[in-house]
Amino acid sequence: ILNVEQSPQSLHVQEGDSTNFTCSFPSSNFYALHWYRWETAKSPEALFVMTLNGDEKKKGRISATLNTKEGYSYLYIKGSQPEDSATYLCAFGGATNKLIFGTGTLLAVQP
Amino acid sequence: EAGVVQSPRYKIIEKKQPVAFWCNPISGHNTLYWYLQNLGQGPELLIRYENEEAVDDSQLPKDRFSAERLKGVDSTLKIQPAELGDSAVYLCASSKSGRYDEQFFGPGTRLTVL
Numbered sequence: 001i002l003n004v005e006q007s008p009q010s011l012h013v014q015e016g017d018s019t020n021f022t023c024s025f026p027s028s029n030f031y032a033l034h035w036y037r038w039e040t041a042k043s044p045e046a047l048f049v050m051t052l053n054g055d056e057k058k059k060g061r062i063s064a065t066l067n068t069k070e071g072y073s074y075l076y077i078k079g080s081q082p083e084d085s086a087t088y089l090c091a092f093g094g095a096t097n098k099l100i101f102g103t104g105t106l107l108a109v110q111p
Numbered sequence: 001e002a003g004v005v006q007s008p009r010y011k012i013i014e015k016k017q018p019v020a021f022w023c024n025p026i027s028g029h030n031t032l033y034w035y036l037q038n039l040g041q042g043p044e045l046l047i048r049y050e051n052e053e054a055v056d057d058s059q060l061p062k063d064r065f066s067a068e069r070l071k072g073v074d075s076t077l078k079i080q081p082a083e084l085g086d087s088a089v090y091l092c093a094s095s096k097s098g099r100y101d102e103q104f105f106g107p108g109t110r111l112t113v114l
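Sequence order for the protein chains is A and Y.
Throughout the first sequence, residue numbering follows my numbering, covering 1 to 111 in sequence.
Throughout the second sequence, residue numbering follows my numbering, covering 1 to 114 in sequence.
Mixed in with the good hints there might be a few duds.
[To be verified] Straight-line Cα separation of at most 30 Å, DSSO-like style, residue types lysine-lysine; simulated pairs:
(1) A:Lys69 x Y:Lys96
(2) A:Lys42 x Y:Lys11
(3) A:Lys58 x Y:Lys96
(4) A:Lys42 x Y:Lys15
(5) A:Lys42 x Y:Lys71
(6) A:Lys59 x A:Lys78
(7) Y:Lys96 x A:Lys42
Since the hints were made in silico from the structure, they are not lab data.
For reference, chain Y alone in the conformation it holds in the complex:
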């Protein structure tokens, strides 16, 4: 069974540029999560999808971040424009359901904003 796929693995951009991350969850997993992990911190939830519906986006900075999960399968997270403080690892995870089921993580995208 294929795991959670994320791309790109690494991204370096200049501040004020846009950037997008892509995630393909495990087949059959209804719940998809995007996490932000800053250096020395644990992952923090940005947004959670149940199928195509964003059910928790309370931590997503909506002035510059956006996400979509068309057709309830893969998902894209976008930052526009990127700021220096956005440098971090962006993790995608999926689970069968959203009620504290085991989460399966992708390898993450390490973003560096110069």
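With the rest of the complex left out, here is chain A:
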């Protein structure tokens, strides 16, 4: 059974705080690691698709790193804003040719 774990399960921060979450996944048969943001009442939206060990991707105040050898990825948000409040999902793509999603990290940013 492939296990994708995310931590923390939830996080409450103040506006302006920087924060980070972790996604752990199997270190063998790695093909891709996806990050999605899912705001309440909206569709999940892709943030990053990462395929190479050592990948670092950035979109505005959000960035992500990837370590396929040890099986983890970090998502960073610099200077959190209330509009960053959402559930952040990671998904591992391995030899099964389908994404295995974690349970997500729920971020709440207080103004």
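With chain A's structure known, arrange chain Y on it following the hints.
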């Protein structure tokens, strides 16, 4: 560009009743996915289509669930009969290809079975 469209957004039915969900993917996307998301869990793949062919339906409970993607465009997922445990969010997504391309999701259908 229009996103992935799903309907209905919400559905409440009594157990043993049938229910159907519809999805229209982004134009030109060959791969279509149906996911099930239970409360507190991540989405789990039910079925993946490449054009009109179901290439992975290993997680689809075939005794009560069925799906089709006629003409390789829009798709319908059906449950008959629904059980209490089917209450969940049903997400549809599409991508240009099936090999870990970025997936574009619809807003989902929240099903409540009473």
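Against the structure, the hints:
{"no.": "1", "hint": "A:Lys69 x Y:Lys96", "result": "holds (28 Å)"}
{"no.": "2", "hint": "A:Lys42 x Y:Lys11", "result": "holds (17 Å)"}
{"no.": "3", "hint": "A:Lys58 x Y:Lys96", "result": "holds (23 Å)"}
{"no.": "4", "hint": "A:Lys42 x Y:Lys15", "result": "holds (27 Å)"}
{"no.": "5", "hint": "A:Lys42 x Y:Lys71", "result": "holds (28 Å)"}
{"no.": "6", "hint": "A:Lys59 x A:Lys78", "result": "holds (11 Å)"}
{"no.": "7", "hint": "Y:Lys96 x A:Lys42", "result": "holds (21 Å)"}
Hint compliance for this structure: no hint is broken.
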